[in-house]
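Asker: Residue numbers (numbering that gives the first Met the number 0), protein chains in the order written: chain H, 0 to 146; chain B, 0 to 218; chain A, 0 to 371.
Don't take every hint at face value.
Stated by the list, open to error - Derived Cβ-Cβ restraints for the label pairs, each shown as a range: (1) B:Gly169 / H:Arg127: 52 to 58 Å; (2) B:Ala72 / H:Asp42: 54 to 60 Å; (3) B:Arg136 / H:Glu32: 54 to 60 Å; (4) H:Asp42 / A:Lys226: 30 to 36 Å; (5) H:Pro58 / B:Gly169: 37 to 43 Å; (6) B:Gly169 / A:Asp187: 26 to 32 Å; (7) H:Pro58 / B:Asp1: 40 to 46 Å; (8) A:Gly335 / B:Ile34: 27 to 33 Å; (9) B:Asp1 / A:Gly328: 24 to 30 Å; (10) B:Ala72 / A:Asn259: 43 to 49 Å.
Stated by the list, open to error - Here are a few chain A residues that face chain H, going by a calculated C-beta distance under 10 Å: (11) Val18; (12) Thr22; (13) Thr28; (14) Ala29; (15) Ala35; (16) Leu36; (17) Gly41; (18) Arg42; (19) Phe75; (20) Gly284; (21) Gly285.
If you're looking for bench data, these hints aren't it; they were derived computationally from the structure.
Glycine is no exception: its CB is placed at the ideal position from the N, C-alpha and C atoms.
Residue strings, one per chain:
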Amino acid sequence: MSRLGEIPIRIVSRTPAASTGTIGAGVTAILIEIATQLDRLADGGEPGAIDLRSLPMSPGDREQLLKALGPGEVTITLKGDGESTINETGIQGVWWSEYRDRGGELIAGFIEIAQVPAILPVEPDQLRRGAQQLRAGAAGAAQQPGN
Amino acid sequence: MDLVSFARGPALEVALAVFCLGVVWRIVGFALLRIRRNFNEPRNSLVKAIIGGVIATGSRSWPHSEFTVRTGAGEALGYGYHIGLFIVILAFAPHIAFFGSLFGVTWPALPNSVITIFSVLTFTLLLAVLFRRVTHRVLRMLSNFDDYFSWFITTLVIVTGLMATAHIGGPYQTILGLHILSFDALLVWFPFGKLMHAFYIFPSRAINGTLLSRKGAAS
Amino acid sequence: MAHYHDQPTIGEMLERHGVSRRTFIKYCTAMASALALPPLAGRAMAEQLRAALRPSVIYLSFQECTGCLESLIRSFSPSIENLIFDVISLDYDDTLMAAAGAQAEMARDKAMKDNYGKYVLVIDGSVPTGANGAYCALGGKSAVDILREAAKGAAAIVCVGTCSSFGGVPFADPNPTQAWPVSDIVSDKPIVNVSGCPPIPEVITGTLLQFISTGKVPDLDEYRRPKVFFGNTIHDRCYRRPFYDQGKFAKSFDDEGARNGWCLFELGCKGPTTYNACATTKWNGGTSFPIESGHPCLGCSEPNFWDKGSFYSALSAPRWGKAGEVSPGDVLKVVGGAAAVGAALGVASAGLSRLRQRHIEKSTTNNEAKES
Numbered sequence: 000m001s002r003l004g005e006i007p008i009r010i011v012s013r014t015p016a017a018s019t020g021t022i023g024a025g026v027t028a029i030l031i032e033i034a035t036q037l038d039r040l041a042d043g044g045e046p047g048a049i050d051l052r053s054l055p056m057s058p059g060d061r062e063q064l065l066k067a068l069g070p071g072e073v074t075i076t077l078k079g080d081g082e083s084t085i086n087e088t089g090i091q092g093v094w095w096s097e098y099r100d101r102g103g104e105l106i107a108g109f110i111e112i113a114q115v116p117a118i119l120p121v122e123p124d125q126l127r128r129g130a131q132q133l134r135a136g137a138a139g140a141a142q143q144p145g146n
Numbered sequence: 000m001d002l003v004s005f006a007r008g009p010a011l012e013v014a015l016a017v018f019c020l021g022v023v024w025r026i027v028g029f030a031l032l033r034i035r036r037n038f039n040e041p042r043n044s045l046v047k048a049i050i051g052g053v054i055a056t057g058s059r060s061w062p063h064s065e066f067t068v069r070t071g072a073g074e075a076l077g078y079g080y081h082i083g084l085f086i087v088i089l090a091f092a093p094h095i096a097f098f099g100s101l102f103g104v105t106w107p108a109l110p111n112s113v114i115t116i117f118s119v120l121t122f123t124l125l126l127a128v129l130f131r132r133v134t135h136r137v138l139r140m141l142s143n144f145d146d147y148f149s150w151f152i153t154t155l156v157i158v159t160g161l162m163a164t165a166h167i168g169g170p171y172q173t174i175l176g177l178h179i180l181s182f183d184a185l186l187v188w189f190p191f192g193k194l195m196h197a198f199y200i201f202p203s204r205a206i207n208g209t210l211l212s213r214k215g216a217a218s
Numbered sequence: 000m001a002h003y004h005d006q007p008t009i010g011e012m013l014e015r016h017g018v019s020r021r022t023f024i025k026y027c028t029a030m031a032s033a034l035a036l037p038p039l040a041g042r043a044m045a046e047q048l049r050a051a052l053r054p055s056v057i058y059l060s061f062q063e064c065t066g067c068l069e070s071l072i073r074s075f076s077p078s079i080e081n082l083i084f085d086v087i088s089l090d091y092d093d094t095l096m097a098a099a100g101a102q103a104e105m106a107r108d109k110a111m112k113d114n115y116g117k118y119v120l121v122i123d124g125s126v127p128t129g130a131n132g133a134y135c136a137l138g139g140k141s142a143v144d145i146l147r148e149a150a151k152g153a154a155a156i157v158c159v160g161t162c163s164s165f166g167g168v169p170f171a172d173p174n175p176t177q178a179w180p181v182s183d184i185v186s187d188k189p190i191v192n193v194s195g196c197p198p199i200p201e202v203i204t205g206t207l208l209q210f211i212s213t214g215k216v217p218d219l220d221e222y223r224r225p226k227v228f229f230g231n232t233i234h235d236r237c238y239r240r241p242f243y244d245q246g247k248f249a250k251s252f253d254d255e256g257a258r259n260g261w262c263l264f265e266l267g268c269k270g271p272t273t274y275n276a277c278a279t280t281k282w283n284g285g286t287s288f289p290i291e292s293g294h295p296c297l298g299c300s301e302p303n304f305w306d307k308g309s310f311y312s313a314l315s316a317p318r319w320g321k322a323g324e325v326s327p328g329d330v331l332k333v334v335g336g337a338a339a340v341g342a343a344l345g346v347a348s349a350g351l352s353r354l355r356q357r358h359i360e361k362s363t364t365n366n367e368a369k370e371s
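Modelling step: build the complete structure from the supplied sequences, incorporating the hints.
Answerer: The structure is reproduced here in structure tokens:
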């Protein structure tokens with residue numbers, strides 16, 4: 000299947016939001032929401048997230064939002080079944096996540112407010128399985144000293 | 000058959016039939032009544048009397064200057080909710096679609112926000128009218144079941160309509176069904192209660208005015 | 000992870016297939032997003048699913064057009080491959096399975112026996128009961144018998160599509176095969192209706208996933224549809240709603256209003272009375288939905304949508320008579336007939352009152368004559 004982006008389209012009217020320098024009301028609302036969630040996290044609350052898909056944003060709004068948050072210092076790439084990226088923004092603890100499938104199509108995008116993105120930490124049983132795997136490997140190596 | 004289908008289907012069909020039957024019955028019955036002959040010599044010619052009737056139709060529709068203070072507020076309320084009702088009934092898009100499919104003619108609609116404002120105003124005025132009716136001693140003594148029921152059925156249609164547009168009180172489908180059903184009930188009640196004044200009010204004023212003018216009364 | 004069966008959990012299965020926990024979370028998050036659930040719900044669902052056992056799913060097709068399955072296999076997130084390879088064990092689906100004939104029937108019987116009391120039964124299509132169920136038979140057994148037998152050992156039944164949920168097209172008047180929805184035949188099992196003609200693929204997979212991850216029947220509305228997906232009307236979430244509110248309507252499919260994308264209410268849109276996720280989840284991976292493509296909502300996820308008159312007459316339009324359509328001519332008939340009767344009654348009552356008047360006048364003149 001060809002990608003959606005490859006279907007030729009004719010733009011009848013361009014959204015003016017990007018050209019105007021002022022920040023739209025929608026973007027301001029998102030920034031305030033992020034600030035509220037940051038406060039909550041600082042006070043020992045749960046991490047939060049804002050789904051970018053659920054927000055009716057024009058490309059201009061998106062640009063404004065990215066600009067307002069600014070670039071950060073951490074970039075994480077997830078390589079399971081397509082390359083997904085998580086970028087920390089200029090505001091520490093605010094992560095811009097874009098999940099993509101194998102075809103590179105964006106399947107989920109959201110802003111995460113957390114110390115570390117929730118997808119990263121490893122569960123205890125996973126740790127144990129890793130240990131088991133290593134031990135099995137080591138035992139195998141011990142049995143075959145020739146290798 | 001669900002509620003909406005029933006309300007806008009068989010119930011509406013029956014209600015419309017009863018409405019027409021009742022209205023025509025009462026108008027024809029009224030028009031064919033014998034008017035008691037007046038053996039006095041007429042003070043005005045028939046033409047003048049008819050003009051008097053037309054004037055009376057208009058002048059009775061406005062507070063008489065001497066009573067403005069006493070009846071003005073009541074008449075203002077009455078005018079208020081009648082105008083509100085007309086706007087809501089005739090200028091709301093779904094209502095126009097309804098009339099359109101009944102009669103095959105449509106006309107432009109007002110924005111829903113305007114309609115909502117008018118229907119809330121109308122509802123408020125209807126409450127005020129009821130309050131006036133129960134607190135006004137003379138009015139209370141003049142009122143009977145007919146007055147209260149006609150008020151109730153009109154208000155019910157407005158309230159269910161508001162509920163449907165505001166999406167409160169239950170699934171839209173149910174509330175819409177109740178709205179149409181209450182309108183069906185109003186249609187059935189219409190010819191047999193005081194709602195019939197919609198057809199009677201102007202002819203009766205005109206006839207009364209003409210008769211009185213023939214007798215030489217000022218109109 | 001503690002579990003008391005020999006069966007591996009979904010998480011273990013996934014590891015074996017090389018699908019890491021993070022990848023699975025990624026897909027669950029994408030699905031949550033597609034279903035307009037909070038993004039953190041996706042992670043929670045991923046964890047629950049990983050801990051759950053891979054349930055056996057038996058998919059039975061009765062009086063149906065396979066449109067629901069066509070829809071299901073076009074699910075984007077989770078994709079059908081993800082679903083049937085990773086999360087469920089699809090033990091019987093006569094259209095998708097490689098086996099055929101007696102082997103297929105055997106596979107079904109075996110799955111039903113091995114997972115008695117635990118499998119999820121998915122039903123697609125209504126169940127004809129006329130002529131002893133002869134209108135729909137598989138492998139010599141009638142649909143109604145197969146359903147009764149399969150329902151006995153099911154943990155829950157998921158009805159996919161309006162036919163199995165509410166009867167659908169076969170149920171439409173005059174219902175020649177006496178087709179019934181599943182809920183009219185099975186009454187002792189939890190039933191979840193995923194209605195729509197067809198249902199949105201992500202809503203089918205989302206309902207299955209929710210059930211598997213929590214092991215519980217989700218919150219249902221009065222028609223047993225999951226509230227998560229059927230909680231709002233199309234109208235509530237329609238992007239053309241502002242035009243409805245402003246009173247701007249398309250009057251035909253090719254007028255100025257239609258070109259400007261105004262509200263389709265007057266063209267028969269059933270959005271205000273239709274509960275479904277089309278306006279939010281949309282179709283084809285979130286590309287569009289009927290109203291976005293310029294066509295009014297048919298109300299296909301509601302019971303009896305086929306028998307509610309023309310798809311193209313406004314929701315508030317009156318309807319009666321055979322065709323379910325009211326023309327000004329029909330109205331004239333009703334109104335005219337009633338008016339004629341009314342006129343006759345009017346003449347009669349006026350006549351009566353004249354008689355009475357004359358009678359009173361006569362008696363008063365008599366009395367006056369007596370007095371003088």
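Asker: Taking the hints in turn, state whether each one holds.
Answerer: Hints and how they fare:
1. B:Gly169 / H:Arg127: 52 to 58 Å: Given range 52 to 58 Å: holds, Cβ gap about 53 Å.
2. B:Ala72 / H:Asp42: 54 to 60 Å: Holds - the Cβ-Cβ distance for alanine 72 (chain B) and aspartate 42 (chain H), about 57 Å, lies within 54 to 60 Å.
3. B:Arg136 / H:Glu32: 54 to 60 Å: holds, 59 Å
4. H:Asp42 / A:Lys226: 30 to 36 Å: At roughly 32 Å between Cβ atoms, lysine 226 (chain A) and aspartate 42 (chain H) fall inside 30 to 36 Å, so the hint holds.
5. H:Pro58 / B:Gly169: 37 to 43 Å: holds, 40 Å
6. B:Gly169 / A:Asp187: 26 to 32 Å: holds, 29 Å
7. H:Pro58 / B:Asp1: 40 to 46 Å: Cβ of proline 58 (chain H) to Cβ of aspartate 1 (chain B): about 44 Å, so the range 40 to 46 Å holds.
8. A:Gly335 / B:Ile34: 27 to 33 Å: Since glycine 335 (chain A) and isoleucine 34 (chain B) have Cβ atoms about 29 Å apart, the given range 27 to 33 Å holds.
9. B:Asp1 / A:Gly328: 24 to 30 Å: holds, 26 Å
10. B:Ala72 / A:Asn259: 43 to 49 Å: holds, 46 Å
11. Val18: holds, 7 Å
12. Thr22: holds, 3 Å
13. Thr28: holds, 5 Å
14. Ala29: holds, 4 Å
15. Ala35: Since the shortest Cβ distance to chain H is 6 Å, the answer is holds.
16. Leu36: holds, 9 Å
17. Gly41: It holds, given that the least Cβ distance between glycine 41 (chain A) and chain H is near 8 Å, below 10 Å.
18. Arg42: holds, 6 Å
19. Phe75: holds, 8 Å
20. Gly284: holds, 8 Å
21. Gly285: holds, 8 Å
In this structure, every one of the numbered hints holds.
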